[in-house]
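One line per chain: the protein sequences are A and B, in this order.
Under my numbering, think of the first position of the first sequence as 2, with each following residue one higher.
Under my numbering, think of the first position of the second sequence as 0, with each following residue one higher.
Take the hints with a grain of salt, since some may be wrong.
Listed next, the stretches of chain A that the computed footprint assigns to chain B, with coverage defined by at least 3 CB atoms under 8 Å from CB atoms of chain B [stated by the list, open to error]:
| # | region |
| --- | --- |
| 1 | 11–19 |
| 2 | 105–119 |
In silico EDC-like links for lysine to aspartate or glutamate, alpha-carbon gap of 20 Å or less [what the hints assert, rightly or not]:
| # | chain 1 | residue 1 | chain 2 | residue 2 |
| --- | --- | --- | --- | --- |
| 3 | A | K105 | B | E17 |
| 4 | B | K112 | B | D51 |
| 5 | A | K24 | B | E67 |
| 6 | A | K134 | A | D144 |
| 7 | A | K23 | B | E18 |
| 8 | A | K105 | B | E67 |
| 9 | A | K23 | B | D16 |
| 10 | A | K167 | A | E281 |
Note that these hints are calculated values from the structure, not bench results.
For every residue, glycine included, the Cβ atom is placed at its ideal position computed from N, Cα and C.
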Amino acid sequence: MSRVLIADDDRVSCKLLGGLLKKWGYEVEVVHDGFAARRELMKPDAAPLAILDWMMPGLDGIEVIKAVRSAAHEAYIYILLLTSRDQKGDLLEGMDAGADDYLKKPFDADELHARVRAGKRIVDLQAALIRAKNELQFAATHDTLTTLWNRGAIIDLLKKELSRRKRTGGELGIVMADIDHFKKINDLYGHLVGDAVIREVTRRLSLGVRPYDAVGRYGGEEFLIVFPACNLSALATSAERLRCSVADEPIETNAGPLPVTLSFGLASAEQIEAASLNPESLLGLADEALYTAKALGRNRVEPAAAMLASAPSGG
Amino acid sequence: MANAINEAELLARLEGDEELLQELIDAFFAESGESLQQVLDAVSRHDAPGLDRAAHKLKGTVSLFGGEEATQSALVLETMGRTGNLDQAEASSRQLQGLMEALGKALAELREKHVQSSDRG
Ligand SMILES: [Mg+2]
Chain A
2 MSRVLIADDD
12 RVSCKLLGGL
22 LKKWGYEVEV
32 VHDGFAARRE
42 LMKPDAAPLA
52 ILDWMMPGLD
62 GIEVIKAVRS
72 AAHEAYIYIL
82 LLTSRDQKGD
92 LLEGMDAGAD
102 DYLKKPFDAD
112 ELHARVRAGK
122 RIVDLQAALI
132 RAKNELQFAA
142 THDTLTTLWN
152 RGAIIDLLKK
162 ELSRRKRTGG
172 ELGIVMADID
182 HFKKINDLYG
192 HLVGDAVIRE
202 VTRRLSLGVR
212 PYDAVGRYGG
222 EEFLIVFPAC
232 NLSALATSAE
242 RLRCSVADEP
252 IETNAGPLPV
262 TLSFGLASAE
272 QIEAASLNPE
282 SLLGLADEAL
292 YTAKALGRNR
302 VEPAAAMLAS
312 APSGG
Chain B
0 MANAINEAEL
10 LARLEGDEEL
20 LQELIDAFFA
30 ESGESLQQVL
40 DAVSRHDAPG
50 LDRAAHKLKG
60 TVSLFGGEEA
70 TQSALVLETM
80 GRTGNLDQAE
90 ASSRQLQGLM
100 EALGKALAEL
110 REKHVQSSDR
120 G
């Protein structure tokens, strides 16, 4: 159902507009002056259709339209301007200010209906375009199997967190996690079971992190988790919790319950000198730690060996 | 008096919706007295911009009911307010007052008629 904002200082006119629009299936909001109209239309969830009277106390319809058009709304608001029949020359001013259409008082129900329908077509089209854009944006940044951030997106996110840390300081850690002997699961039970394992591991990892941590699928069976505001020891605690959440309970699959474990490599931004700190160097450090975890027998958490043992801490 | 409203035009404007007609007439009685008073006050204060605004608003209300004479009369007062020439405003506002009474009477009759017809239906 489409929402319509009616702004008119004439309450009888509001009754008529509102009564007809409700009958035609619209959800109606009513205000009686220009300030209230501007306030409503500036809200992020403003009605997509508006019928504004030109002459109103406070702000007139034109001033409201100008304010709305100069605001950076994502969704377009379709605006119908109400004028009186004898208000001839001003029409161009109204359209120039950003009105999409106009209606002269007293209006016929048929004409109102036709003009509102025309507006609804535009608004619906706009909504469909925004939806399609958001879907494309999601598809471009998310992994299809897990709906986690994909490799490109999680690296972008890490980049952003690193530059934020540069400006504001603070801790930042990352965890690389890799499913142990995943190739064997695929070879023994097939790819569908392998996919089910990846999805369940995804679910357990996602449940085990804080809302502001970001989990991404870095490779086939490899995950990258970005932990803002987390030093190396907090990182180790979090990773250990994640390790247990997978290792402690077998994963139910079509091939029966399968024991699955992960190896974890951790790295923290504080381990790298500011000049050489970037996504590549931090990822390289976590990758080395992951390699160590694998070499030491898998199903374990390994922090990166400090790169800068000699660096003075805290300046 | 018979021309105070245009019943056919009014009902067409409401898509023949009698319930909406009742609501609209109720709204007219709730609002128009104050709107008319604002016109009369502006005239007695010789407040031209105030007359422009008040007469414009009243004109919008009465035009919805197809009250041609009252609409015209309000337009005359609105124009006086806009141009700032209030010489005839006193007389015109008395005329508008009379036309508003006639409009109110016609709307009351119309409401009565439609209450009865919808009761029977
Ligand atoms: Mg108005």
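Status of each hint after checking the structure:
no.	hint	verdict
1	11–19	holds (count 6)
2	105–119	holds (count 5)
3	A:K105 <-> B:E17	violated (23 Å)
4	B:K112 <-> B:D51	violated (35 Å)
5	A:K24 <-> B:E67	violated (27 Å)
6	A:K134 <-> A:D144	holds (17 Å)
7	A:K23 <-> B:E18	holds (13 Å)
8	A:K105 <-> B:E67	holds (15 Å)
9	A:K23 <-> B:D16	holds (12 Å)
10	A:K167 <-> A:E281	holds (16 Å)
Checked against the numbered hints above, the structure violates hints 3, 4 and 5; every other hint is satisfied.
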